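Each chain, letter by letter, is given below.
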Amino acid sequence: MAEAAASAMDISDEVAIQISGMHKWYGDFHVLKDINLTVNRGERIVICGPSGSGKSTMIRCINRLEEHQQGSIVVDGIELTNDLKNIDSIRREVGMCFQHFNLFPHLTILENCVLAPIWVRKTPRKEAEETAMHFLEKVKIPEQALKYPGQLSGGQQQRVAIARSLCMNPRIMLFDEPTSALDPEMISEVLDTMIDLAESGMTMLCVTHEMGFARKVANRVIFMDGGEIIEQNEPEEFFNNPRSERTQLFLSQILAH
Amino acid sequence: MSDIAYVKTELSPTLPPPPNAAGPMKWLKDNLFSTWYEAIGTVVASAILIYLFMSIVDWAFVTSVWEASSFEDCLERYTGHPVGACWGFVDARFNQFMFGPYPTDSYWRPIIVGILLVAGLLPIMFEQIPGRKIAAPLMLGIFPWLSVALLHGPIEMTTLDSGLGIGVTALLFVLGIALGLYGRKNFNPGQTMIGFGVAYCIGVMYFLAWGLGLETIATNKYGGFMLTLILSAVGIGVSLPLGIVLALGRRASNMPLIQMLCIGFIELVRAVPLITILFMAQFMLPLFLPEGVDFDNLVRALVGVSLFSSAYMAEVVRGGLQAIPKGQFEAADALGLNYSMSMRLIILPQALKIVIPNIVSTFIGLFKDTTLVSIIGLLDLLLTMKQAITSTKWLGMEHTGYIFVGLIYLVCCFGMSRYSIYLEKKLHTGHKR
Chain A
195 MAEAAASAMD
205 ISDEVAIQIS
215 GMHKWYGDFH
225 VLKDINLTVN
235 RGERIVICGP
245 SGSGKSTMIR
255 CINRLEEHQQ
265 GSIVVDGIEL
275 TNDLKNIDSI
285 RREVGMCFQH
295 FNLFPHLTIL
305 ENCVLAPIWV
315 RKTPRKEAEE
325 TAMHFLEKVK
335 IPEQALKYPG
345 QLSGGQQQRV
355 AIARSLCMNP
365 RIMLFDEPTS
375 ALDPEMISEV
385 LDTMIDLAES
395 GMTMLCVTHE
405 MGFARKVANR
415 VIFMDGGEII
425 EQNEPEEFFN
435 NPRSERTQLF
445 LSQILAH
Chain B
93 MSDIAYVKTE
103 LSPTLPPPPN
113 AAGPMKWLKD
123 NLFSTWYEAI
133 GTVVASAILI
143 YLFMSIVDWA
153 FVTSVWEASS
163 FEDCLERYTG
173 HPVGACWGFV
183 DARFNQFMFG
193 PYPTDSYWRP
203 IIVGILLVAG
213 LLPIMFEQIP
223 GRKIAAPLML
233 GIFPWLSVAL
243 LHGPIEMTTL
253 DSGLGIGVTA
263 LLFVLGIALG
273 LYGRKNFNPG
283 QTMIGFGVAY
293 CIGVMYFLAW
303 GLGLETIATN
313 KYGGFMLTLI
323 LSAVGIGVSL
333 PLGIVLALGR
343 RASNMPLIQM
353 LCIGFIELVR
363 AVPLITILFM
373 AQFMLPLFLP
383 EGVDFDNLVR
393 ALVGVSLFSS
403 AYMAEVVRGG
413 LQAIPKGQFE
423 AADALGLNYS
433 MSMRLIILPQ
443 ALKIVIPNIV
453 STFIGLFKDT
463 TLVSIIGLLD
473 LLLTMKQAIT
483 STKWLGMEHT
493 GYIFVGLIYL
503 VCCFGMSRYS
513 IYLEKKLHTG
523 HKR
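Here the protein sequences line up with chains A and B, keeping their order. Under this note's numbering, the residues of the first sequence are numbered 195 to 451, in order. Under this note's numbering, the residues of the second sequence are numbered 93 to 525, in order.
In case anyone wonders, no lab produced these hints; they're calculated from the structure. If you're wondering where the values come from, they're calculated on a predicted model, not measured in any experiment. Some hints here could point you the wrong way.
[Said to hold, decoys possible] Below, simulated PhoX-like cross-link-like pairs (lysine-lysine); rule was C-alpha separation at most 20 Å, straight line:
| hint | chain 1 | residue 1 | chain 2 | residue 2 |
| --- | --- | --- | --- | --- |
| 1 | A | Lys341 | B | Lys517 |
| 2 | B | Lys478 | B | Lys460 |
| 3 | B | Lys445 | B | Lys418 |
| 4 | A | Lys316 | B | Lys518 |
| 5 | B | Lys313 | B | Lys445 |
| 6 | B | Lys121 | B | Lys225 |
| 7 | A | Lys341 | A | Lys320 |
| 8 | A | Lys334 | A | Lys279 |
| 9 | B | Lys517 | B | Lys445 |
| 10 | A | Lys341 | B | Lys445 |
| 11 | A | Lys316 | A | Lys332 |
| 12 | A | Lys341 | B | Lys518 |
[As the list claims (entries may be wrong)] For each label pair, taking beta carbons as the anchor points, the in silico distance ranges come out as:
| hint | chain 1 | residue 1 | chain 2 | residue 2 | range |
| --- | --- | --- | --- | --- | --- |
| 13 | B | Ser254 | A | Ile272 | 53 to 59 Å |
| 14 | B | Trp302 | A | Asp277 | 45 to 51 Å |
| 15 | A | Gly265 | B | Ala363 | 42 to 48 Å |
| 16 | B | Asp386 | A | Asp222 | 34 to 40 Å |
| 17 | B | Gly356 | A | Gly265 | 35 to 41 Å |
[Claimed, not checked] Which stretches of chain B does chain A cover? Using the computed rule of at least three CB atoms under 8 Å from a CB of chain A, they are:
| hint | segment |
| --- | --- |
| 18 | 235-246 |
| 19 | 438-444 |
From the three backbone atoms N, C-alpha and C, an ideal C-beta is built for every residue, glycine too.
Could you put together the complete structure from these sequences and hints?
Below, the structure is given as structure tokens:
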């Protein structure tokens with residue numbers, strides 16, 4: 195059923211993200227080596243790989259939380275350069291969820307959600323609050339709107355973080371290990387939210403080790419190691435028939451138990 | 093073997109604590125009389141405390157003299173019993189302690205400033221009192237200049253003496269307003285701010301030159317508690333925003349020049365005692381300034397005190413900024429907030445909340461450090477008292493005088509300290525992660 199849903203989702207020919215020949219160094223350390231990746235609108239991509247393989251760094255380059263030193267990244271037709279205007283306009287279109295949620299602890303859930311629409315998009319407060327409540331209902335926690343992040347469970351906080359990003363009406367969503375900091379009981383509620391989002395046709399790049407999620411919603415799985423993209427394929431093919439040795443080793447380790 | 097198999101069939105009930113685990117008797121026994129030597133300690137300490145308390149009460153209220161016209165009224169010879177505090181002295185010189193040499197018939201001017209200060213600060217400090225939205229901009233934009241006009245009267249502006257000066261400033265004023273309106277029409281915040289900013293500055297200049305049409309009272313007539321309050325209010329008002337700017341500048345690693353300037357300023361000022369800075373302002377500044385340019389003594393002290401505490405404030409604020417997790421900056425960036433928005437809305441509210449105790453410590457330190465201005469000849473509260481007790485009419489008033497001054501400082505500093513605790517509680521947003 196899930197597969198049927200996945201295949202029903204449209205992937206257009208329009209290019210959402212184009213990364214070509216991208217390199218990044220931390221000082222002398224070469225973290226990302228010759229990354230080439232094209233993401234079409236509506237694609238759902240899962241990125242996996244051992245820790246330190248550069249997968250987080252790669253998606254953080256897409257909204258310029260990290261700077262790349264060589265090659266080019268074009269998001270929605272805008273190239274990422276040092277031009278602050280470009281960076282800001284890309285960040286407006288690209289939502290991001292973090293491993294540690296990074297909600298603003300001094301603001302209520304609702305304020306967390308309306309802050310960026312009001313200040314960045316200049317949406318009137320009333321309208322922003324309506325949108326926020328709409329998305330909080332989507333992630334199934336409208337009743338928590340007036341609480342502070344510290345009063346919510348991890349799973350709830352991550353769902354708020356997703357709602358907060360959606361309030362900006364992004365065209366692309368980046369997920370940086372969204373379930374890694376959660377208790378096992380809470381992982382599924384967050385994944386359900388992400389699956390709903392995928393079914394709505396959102397372009398998604400997701401760094402995660404949730405292989406069930408990858409099988410269900412991804413239309414492409416990317417394996418990274420040592421700062422390189424080692425292998426990418428459709429999920430069925432990737433899991434059942436990994437081609438490179440490193441991928442086989444990685445999969446055997448994470449699926450061992 | 094299924095010995096380890098166990099299934100809980102019903103929930104355990106929630107019980108109240110046993111009777112001997114709560115209540116005041118339990119607290120007494122636990123804290124004051126838990127062993128025989130602690131019991132002895134408690135008794136001895138209580139005796140000392142009671143004795144001290146009784147002595148203070150005796151000194152301040154029982155054997156004290158409340159009315160006196162000179163020190164002789166407070167002598168044992170005159171009263172017939174050993175004398176504690178001579179409050180008559182404080183009463184007789186009260187106005188001097190409050191206003192220093194300020195002209196008597198103009199006391200209403202600082203009093204109005206004081207009332208405005210309290211009335212403006214209350215709604216800002218306590219959200220139960222309505223009117224914060226009106227009070228805050230008034231306190232920032234109008235109160236400082238209104239107080240200057242009230243306290244000092246007109247200030248001589250050489251620029252406004254000539255027709256040329258008046259023409260140029262008037263033109264700038266009109267241009268500023270025009271630019272501001274133009275910017276507002278085109279939603280250009282930069283233009284709006286510059287335009288209205290220029291107009292505002294010129295408006296302030298004219299207002300200060302007019303000075304409400306009052307009689308001029310030079311700053312060497314300021315003194316007493318009033319001077320102490322002026323120094324600390326200006327110091328506090330300047331050091332917090334300037335400290336924040338310096339702290340942000342010190343962290344601006346993408347602007348090395350600004351960063352270096354901020355580090356240089358902070359380290360230089362912190363490496364020098366306040367007295368040195370005051371002396372520098374007093375005696376060295378004139379050497380560097382061109383002939384004819386001169387600052388008022390009080391203004392020099394204000395600048396010295398403000399810069400000094402700004403450097404400390406900058407480090408306090410920086411401490412708060414360091415404590416904010418990187419994720420908060422990243423989340424703000426990822427949402428598309430620009431630098432000023434993310435600082436104003438996300439980072440600073442959290443960082444300042446963390447360092448409230450340190451900020452208030454700096455304020456308290458600043459408040460007490462204002463006594464140092466007596467060294468450059470400003471008549472602050474302490475120096476006023478010092479002068480009063482050297483009067484031949486009031487010999488031997490050291491105890492009463494210094495305790496009175498000490499009490500004023502105590503009340504002010506304790507008040508600030510309590511307010512900081514109140515703020516911390518108010519801003520505490522549930523369980524932090």
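How the hints compare with the structure:
Distance hint between Lys341 of chain A and Lys517 of chain B is fulfilled; the C-alpha atoms sit about 17 Å from each other, no more than 20 Å. Our distance criterion of 20 Å between C-alpha atoms is met by Lys478 of chain B and Lys460 of chain B, whose separation comes to about 16 Å. As the CA atoms of Lys445 of chain B and Lys418 of chain B are separated by approximately 17 Å, the hinted pair is consistent with the 20 Å bound. Distance restraint check for Lys316 of chain A and Lys518 of chain B: the Cα-Cα separation of roughly 29 Å exceeds the 20 Å cut-off, and the hinted pair is therefore not satisfied.
A C-alpha spacing of about 39 Å is found between Lys313 of chain B and Lys445 of chain B, which places the hinted pair above 20 Å, so the restraint is violated. Between Lys121 of chain B and Lys225 of chain B, the direct Cα distance comes to roughly 51 Å. Violation of the 20 Å bound is thereby established for this hinted pair. The suggested pairing of Lys341 of chain A with Lys320 of chain A holds, with an alpha-carbon distance near 19 Å, which does not exceed 20 Å. The hinted pair formed by Lys334 of chain A and Lys279 of chain A fails the criterion: a straight-line CA distance of about 35 Å is larger than 20 Å.
With a C-alpha separation of about 10 Å, the suggested pairing of Lys517 of chain B with Lys445 of chain B holds against the 20 Å cut-off. Annotation: proposed proximity of Lys341 of chain A to Lys445 of chain B holds, straight-line Cα distance about 19 Å (limit 20 Å). Annotation: proposed proximity of Lys316 of chain A to Lys332 of chain A is violated, straight-line Cα distance about 23 Å (limit 20 Å). The hinted pair formed by Lys341 of chain A and Lys518 of chain B meets the criterion: a straight-line CA distance of about 15 Å does not exceed 20 Å.
Between Ser254 of chain B and Ile272 of chain A the C-beta distance comes to about 55 Å, which sits within the given range of 53 to 59 Å. In this structure, Trp302 of chain B and Asp277 of chain A meet the distance hint of 45 to 51 Å, their C-beta atoms being roughly 48 Å apart. Look at Gly265 of chain A against Ala363 of chain B: about 47 Å separates their beta carbons, and that is inside 42 to 48 Å. In this structure the hint that Asp386 of chain B and Asp222 of chain A lie 34 to 40 Å apart at CB is violated, the actual value being about 57 Å.
Range check, Gly356 of chain B to Gly265 of chain A: Cβ separation about 39 Å, and the 35 to 41 Å hint holds. For the segment 235-246 of chain B, the assignment as covered by chain A is violated, since 0 residues bring a beta-carbon within under 8 Å of that chain's beta-carbons and 3 are needed. Coverage of the segment 438-444 of chain B by chain A holds in this model, with 3 residues showing a Cβ closer than 8 Å to a Cβ of that chain against a need of three.
Violated hints, in rising order: 4, 5, 6, 8, 11, 16 and 18; the structure is consistent with all others.
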